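Student: This is what each chain is made of:
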Amino acid sequence: DQQVKQNSPSLSVQEGRISILNCDYTNSMFDYFLWYKKYPAEGPTFLISISSIKDKNEDGRFTVFLNKSAKHLSLHIVPSQPGDSAVYFCAASEDDYKLSFGAGTTVTVRA
Amino acid sequence: DAGITQSPRHKVTETGTPVTLRCHQTENHRYMYWYRQDPGHGLRLIHYSYGVKDTDKGEVSDGYSVSRSKTEDFLLTLESATSSQTSVYFCAISEALGGPYEQYFGPGTRLTVT
Chain A
1 DQQVKQNSPS
11 LSVQEGRISI
21 LNCDYTNSMF
31 DYFLWYKKYP
41 AEGPTFLISI
51 SSIKDKNEDG
61 RFTVFLNKSA
71 KHLSLHIVPS
81 QPGDSAVYFC
91 AASEDDYKLS
101 FGAGTTVTVR
111 A
Chain B
1 DAGITQSPRH
11 KVTETGTPVT
21 LRCHQTENHR
31 YMYWYRQDPG
41 HGLRLIHYSY
51 GVKDTDKGEV
61 SDGYSVSRSK
71 TEDFLLTLES
81 ATSSQTSVYF
91 CAISEALGGP
101 YEQYFGPGTR
111 LTVT
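Protein sequence lines, in the order shown, are assigned to chains A and B. Residue numbering for the first sequence follows the numbering used here, beginning at 1 and increasing consecutively. Residue numbering for the second sequence follows the numbering used here, beginning at 1 and increasing consecutively.
No false leads were mixed into what you were given.
Calculated pairs, BS3-like style, for lysine-lysine (alpha carbon to alpha carbon, straight line, at most 25 Å):
| hint | chain 1 | residue 1 | chain 2 | residue 2 |
| --- | --- | --- | --- | --- |
| 1 | B | 57 | A | 5 |
| 2 | B | 70 | A | 98 |
| 3 | A | 54 | A | 68 |
These aren't lab readings, by the way, just hints derived from the structure by calculation. For clarity, every value in this text was computed on a predicted model and none was experimentally measured.
Make the full structure from the sequences, and use the hints.
Tutor: Spelled out as structure tokens, the structure:
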């Protein structure tokens, strides 16, 4: 059973606006969360992460929010740019070395 | 970018034949992983290695075996390929052990089993 869920398979957003990607998890032992970005025909690339001791982490245009009580995290991209069009994977870890991934959300940024 | 290469990048094979995919890293990272990516499933862990000759199963290991005889190389073998193993396979590496937990991925191998 999938422990990390991304319930929105796709998201379309206008250039310059905010993209909000959501991720839910079921395993309360997860203590580290990551977002990856993937372009077609390439491997996923690490984007941003957050530890369970924090509720927000920001890196430039990307901000990840963690709500432990709701077992929910989100990725905000502001402002969205055409190069942000990609598949985004949410991932979580309860130990030092294994990750559980969601199914991914395809983001399309419209000009 | 992390130094990770995968070979071959594309392969078409017939049902019942053995197939070996290779992952090579130049980062001297301890952990190496094999994932498969399928629509609707994201990335699923097949096998991983935590050192030379030290490997363990992931969530979708049936029909796959792995070997790691050197730090830099991690091989994935499909013992007798089936159409359900048509997928994109990614290798990843991580230093892990107390963090950071980030894994760095290779470019992928697209495998088609006919």
